[in-house]
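K.L.:
Below, each chain spelled out in residue letters.
Protein chains: 4
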Amino acid sequence: MAPRKLQVACSGLGRMGARHALHFLNRTPRAELVAAFTPEPSEVAWAKIHLEPSGVTICTDYNEMLRHPGLEAVVVATVTTVHAEQAIKAIQANKHVLCEKPLSTSVEISQSVVDASKTKPHLKVTCGFSRRFDTSYRDAFDRMDSDAIGRPSIFRSQTCDKLDPSGFFVEYAQFSGGIFVDCNVHDIDLALWYFGQDSIVKSVVATGITAVQPELRKYKDVDNGVGIVEFWGGKLAYFYSSRMMAAGQHDMAEIIGTEDELSINANPIGTLVEMSEPTGIRRESPPHYYGRFEQAFVTEATEFTAACLDDSKLPFKLSGAVQAVKIGCALQESLNSGKKIYFDETGRRSEKAAL
Amino acid sequence: MAPRKLQVACSGLGRMGARHALHFLNRTPRAELVAAFTPEPSEVAWAKIHLEPSGVTICTDYNEMLRHPGLEAVVVATVTTVHAEQAIKAIQANKHVLCEKPLSTSVEISQSVVDASKTKPHLKVTCGFSRRFDTSYRDAFDRMDSDAIGRPSIFRSQTCDKLDPSGFFVEYAQFSGGIFVDCNVHDIDLALWYFGQDSIVKSVVATGITAVQPELRKYKDVDNGVGIVEFWGGKLAYFYSSRMMAAGQHDMAEIIGTEDELSINANPIGTLVEMSEPTGIRRESPPHYYGRFEQAFVTEATEFTAACLDDSKLPFKLSGAVQAVKIGCALQESLNSGKKIYFDETGRRSEKAAL
Amino acid sequence: MAPRKLQVACSGLGRMGARHALHFLNRTPRAELVAAFTPEPSEVAWAKIHLEPSGVTICTDYNEMLRHPGLEAVVVATVTTVHAEQAIKAIQANKHVLCEKPLSTSVEISQSVVDASKTKPHLKVTCGFSRRFDTSYRDAFDRMDSDAIGRPSIFRSQTCDKLDPSGFFVEYAQFSGGIFVDCNVHDIDLALWYFGQDSIVKSVVATGITAVQPELRKYKDVDNGVGIVEFWGGKLAYFYSSRMMAAGQHDMAEIIGTEDELSINANPIGTLVEMSEPTGIRRESPPHYYGRFEQAFVTEATEFTAACLDDSKLPFKLSGAVQAVKIGCALQESLNSGKKIYFDETGRRSEKAAL
Amino acid sequence: MAPRKLQVACSGLGRMGARHALHFLNRTPRAELVAAFTPEPSEVAWAKIHLEPSGVTICTDYNEMLRHPGLEAVVVATVTTVHAEQAIKAIQANKHVLCEKPLSTSVEISQSVVDASKTKPHLKVTCGFSRRFDTSYRDAFDRMDSDAIGRPSIFRSQTCDKLDPSGFFVEYAQFSGGIFVDCNVHDIDLALWYFGQDSIVKSVVATGITAVQPELRKYKDVDNGVGIVEFWGGKLAYFYSSRMMAAGQHDMAEIIGTEDELSINANPIGTLVEMSEPTGIRRESPPHYYGRFEQAFVTEATEFTAACLDDSKLPFKLSGAVQAVKIGCALQESLNSGKKIYFDETGRRSEKAAL
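Chains as they are written, first to last, in UniProt numbering: chain P, 1 to 355; chain U, 1 to 355; chain G, 1 to 355; chain D, 1 to 355.
Hints may be right or wrong, so weigh each one.
[Unchecked claim] Covered stretches of chain G, going by a simulated chain D footprint (3 or more residues, C-beta under 8 Å):
| # | segment |
| --- | --- |
| 1 | 23-33 |
| 2 | 137-150 |
| 3 | 200-209 |
Worth flagging that the hints you see were computed from the coordinates, not collected in a lab. Beta carbons are placed, not taken as given, at the ideal position from N, Cα and C, and that holds for glycine.
Using the sequences and the hints given, assemble the complete structure.
P.N.:
Set out below in structure tokens:
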């Protein structure tokens with residue numbers, strides 16, 4: 001008898017949603033994609049070609065999708081503004097949930113997903129911080145965790161997108177929560193992972209500029225931002241995000257300990273080909289986030305599936321996703337107020353700097 | 001209705017056989033692994049755990065496996081000595097065949113597989129030169145093919161294994177055809193791919209030493225070999241193979257054209273982590289062949305499946321596999337005779353050098 | 001007739017002073033080292049062996065050195081606390097001056113050197129920002145200056161020393177001006193070079209930790225610091241300094257423009273040797289600042305000499321050295337107050353953030 | 001009293017000669033360039049501007065230069081065809097000699113320089129194998145010498161010039177001794193250094209093509225050559241030379257031992273700048289030999305000077321220069337005969353392969 005497969009549905013078939021759907025359809029051996037939801041006619045058309053022939057039911061109503069017979073788990077990959085609402089509905093319908101990051105751009109709404117999940121402790125509810133599933137970030141974590149670098153003290157991380165000359169991200173900015181929530185939430189999540197999930201923030205400060213899209217200011221956003229986050233206990237993280245990288249996506253991190261240092265993706269690799277030309281020696285870089293992290297998304301699908309089927313632990317706690325949004329929002333606030341923001345040793349806002 | 005899947009069987013469940021079986025079982029969406037053959041009790045035991053629960057029939061008789069109802073294609077991944085025999089039997093039974101490299105260490109026996117395949121032109125019969133399915137080698141080929149480097153003139157390629165202190169390869173050497181057939185057959189195949197499948201060899205010469213395993217000499221083999229292959233038309237390839245790399249598997253190639261140069265894997269990459277330590281800056285390297293080429297094997301399975309299902313062209317001709325063995329055997333002969341070997345413009349052996 | 005040589009004296013024969021002396025003695029063809037000053041007996045002993053036999057007069061009194069017949073130029077390479085005083089005395093004595101960085105840890109005292117130099121416009125007075133003489137930093141500047149990267153917008157730079165387990169830098173900290181003045185003054189100077197010498201600072205903020213030397217707090221200093229400096233006109237620089245690098249000195253910078261990005265020394269190089277070992281592939285890094293910048297110091301000596309002899313322009317204005325100290329002091333102040341500091345469009349301190 | 005300086009003359013003021021002259025004039029503190037010889041009017045004109053004002057006597061007659069009062073040492077940097085003759089004359093005149101490589105393209109003539117030097121054992125006579133003075137090659141040697149790689153077994157080395165579209169090297173070929181003598185003599189010398197100066201060659205074989213300059217065949221030369229040199233005692237070297245590199249000069253080597261591997265300049269570095277552009281990440285490479293080895297030439301001058309002044313040992317024996325030419329000539333002969341050439345255990349030519 002063939003092993004049981006997890007019955008999965010995918011909500012949202014936009015750029016990332018379509019990828020998630022295909023991963024669960026073709027590259028997650030223990031899962032079976034049974035349904036997909038999208039209200040978009042163009043996405044429905046795509047699904048008729050790429051999913052329906054493999055037996056996937058296409059829904060234009062989210063609730064209808066949730067009622068699919070035998071459905072066990074839902075991937076929420078719609079626009080950020082409905083992540084939380086859909087995740088909560090799925091939880092209430094007794095489905096496991098893999099929700100794209102962030103849960104919400106609001107700390108309170110993010111927390112409401114955590115609260116909902118607590119009412120159903122048998123469900124697996126997680127947020128898709130893809131870098132947590134990447135071989136290289138994991139390799140670095142494991143080295144650090146086995147004391148290879150001494151006490152981790154400084155963490156630098158950046159999320160830098162290849163310049164999209166269409167300026168798409170300007171209008172997108174009004175719903176994205178701003179660059180520190182939309183982009184750096186990944187870096188913040190990594191800081192929490194590497195420094196310890198229960199690290200308590202001591203201060204945050206951010207500065208930014210609009211180098212290519214001055215109109216971003218109307219949405220209180222920037223296209224290049226730098227933020228510093230200090231944690232209680234002598235740990236410091238600093239972040240950079242940019243919307244204008246020339247060579248391609250460049251996400252990287254470094255973790256400096258009292259004895260050694262680890263870097264992850266300091267030198268981006270497209271293929272292993274190097275070109276020696278009259279202008280020098282050149283290698284290409286992955287152009288986009290997915291080009292860099294495709295395998296991490298597949299691992300995410302595989303491990304989420306295993307956790308649901310085997311009732312095993314997910315690799316990280318959902319509450320961390322709220323903490324990351326909280327820090328991202330504080331950085332965005334500091335960017336716009338021009339002030340450093342302080343927190344006391346319980347993580348509560350404070351008027352005074354503790355030095 | 002779900003799309004039709006190719007019914008595949010895997011012959012041989014040793015190190016590579018087990019990997020092929022799992023790739024067809026889990027990572028080749030359009031294929032279904034239905035049967036597997038191995039005479040080895042330990043491999044049968046493994047298959048009972050990893051394959052049988054997913055509905056794969058385990059056979060200890062190759063012919064029985066071939067008779068599996070509905071079977072359409074066979075992966076031959078047994079020891080090299082039976083590759084050709086099993087491939088021919090499968091062809092005779094009207095199965096598509098993906099045969100591990102080399103078809104045989106004998107030119108004549110290799111040719112007999114090609115001859116058999118010609119009697120069944122509707123079948124897809126191919127040899128698993130895994131590097132042909134690797135993204136980086138393909139990227140380099142495509143660049144060369146689109147005239148990025150001028151006229152390709154010099155090709156250097158190496159197959160270097162991490163030192164196996166067990167000396168396993170000594171006893172293995174008596175059946176492997178020697179280092180130029182066993183290891184460099186990959187590099188020779190790449191030379192034929194990059195220089196053109198119909199390139200005609202003009203001369204070959206090889207030299208080698210036994211740096212770590214002097215006992216190899218009893219099987220007329222070496223643990224480090226260098227060979228030069230000249231082709232008619234002003235093209236030159238040179239190869240290196242080694243059984244004693246310290247840092248890990250290091251396969252690499254470079255193709256030098258009249259205008260530019262491309263290298264593939266000159267700088268091996270394990271993960272994207274770099275370690276800064278008191279002894280310097282360090283990165284790890286993939287330890288083994290599979291660590292480097294895992295994804296290429298999956299692509300091989302996927303493309304072989306598509307060719308069988310859609311009756312589309314395979315990415316290369318089977319006759320090339322015979323040509324690669326022919327050159328590998330000539331290098332091994334040169335190693336042992338101490339002489340350069342010449343060929344005329346039709347590729348036939350010649351006593352005289354043409355300069 | 002042999003060409004005239006610049007008559008130079010070197011004040012201070014400590015670590016850097018001795019190097020400067022030898023550069024002018026042996027590696028600056030158009031200069032002649034004629035005198036050297038040091039009050040330290042151990043340094044006098046060294047000079048007796050390494051300088052005196054080549055005809056260099058050794059003085060234990062600075063004024064005596066200044067009176068050396070024919071003396072034209074002085075290198076000030078003593079401890080920071082007397083840089084300004086000695087530079088001013090030399091100017092008053094009508095000598096050209098190459099003063100080690102920083103002029104002083106005080107903005108006012110730094111400015112007094114500039115003021116003194118203005119009274120003698122025929123003299124060449126400069127501050128030894130060694131990176132300005134480094135081939136790689138110059139190459140990057142030239143590329144940027146010829147519009148290779150669009151509008152430069154983000155500058156990141158770090159000065160990271162190899163961990164000195166002796167903790168020498170703790171006691172040194174009380175006179176060094178703090179990590180942002182002592183280390184990052186180089187990075188700040190580079191920011192002013194790349195963004196334009198007349199860039200006006202808009203805000204500064206800094207955070208830091210003591211990861212290896214908690215006693216630094218008594219001198220209001222840290223061993224790892226991160227600072228952000230925003231300039232009017234939409235430019236942002238951020239800096240990192242550390243006293244605890246494992247692999248060696250790691251100074252690096254990157255300049256991100258609206259079209260391209262340049263990095264300098266992202267991958268430190270000791271020699272061109274790479275070691276492939278069971279633990280991976282490794283290269284060494286220059287252990288110390290001088291290992292990285294030796295040639296830049298020689299170029300500095302050569303160009304300073306040429307400017308004095310030929311009355312040609314120095315590569316940068318002395319006033320920039322004051323601006324760099326001003327920003328460094330503001331970062332150090334922000335570190336200790338926990339507050340962001342604002343400046344108006346004329347560069348004057350302001351209570352309010354301009355957003 | 002100032003220390004005594006070695007009185008040096010430079011013969012030949014062509015490309016390399018002019019550089020040698022300037023190195024001894026400006027960058028070799030213990031030497032003094034007192035005379036220079038060239039018969040070329042354009043070179044005389046250059047010398048009038050760059051050397052004469054510093055007190056260097058310019059001669060158009062070699063013997064006149066040799067008679068310069070007080071002259072102690074001669075750098076021979078003329079065309080290869082007169083290297084030996086001038087070196088011998090200088091030896092007879094009791095001068096130390098630094099002769100550019102090769103001593104001659106003829107083994108016999110090369111040997112005559114060694115013979116002459118033996119008659120004057122108090123003189124320092126050496127051949128300018130510049131890579132022996134390069135920090136990176138030395139670093140690799142020292143590591144190997146301190147047993148870092150086990151028993152050195154395989155040596156690969158290449159000398160690849162940037163393509164000179166003028167085709168200058170075609171006419172030059174008739175006097176250069178061919179690519180294996182002109183270019184690979186460096187690599188052969190390195191093999192002798194790394195494997196031991198007394199290594200005895202067992203066989204040589206070479207193959208080559210004319211990829212860009214077919215006219216080279218008229219001088220029995222090629223523009224791309226590959227050679228294999230086997231040494232008695234289980235050591236193997238292989239060499240590549242090319243006249244058509246796109247990205248710049250690319251000399252590199254790797255030495256593979258039974259335990260580890262070292263590479264030198266596998267990744268060429270121009271400056272430490274990396275450019276991130278829409279086409280990828282790029283670094284430049286030194287365009288020419290001098291760009292790569294400038295500092296090695298300065299070290300060569302410095303160490304030659306020290307050996308002469310202090311009567312200390314030169315870093316290598318002159319006889320090695322003959323051995324390198326001997327192997328280079330054998331490779332060139334093999335290229336043209338199409339045959340492998342054998343040597344017995346005393347290094348004498350043999351008809352039969354020893355296996």
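K.L.:
For every hint, state whether the structure bears it out.
P.N.:
Here is how each hint holds up against the structure:
With a threshold of 8 Å between beta carbons, the proposed coverage of the segment 23-33 of chain G by chain D holds, since 4 of its residues qualify and at least three are required. Only when three residues or more bring their CB closer than 8 Å to a CB of chain D does the claim for the segment 137-150 of chain G stand; here the count is 4, and the claim holds. Check on the segment 200-209 of chain G: 0 of its residues sit with their Cβ under 8 Å from a Cβ of chain D, so the three-residue criterion for coverage is violated.
Going down the numbered hints, you'll see the structure goes against just number 3.
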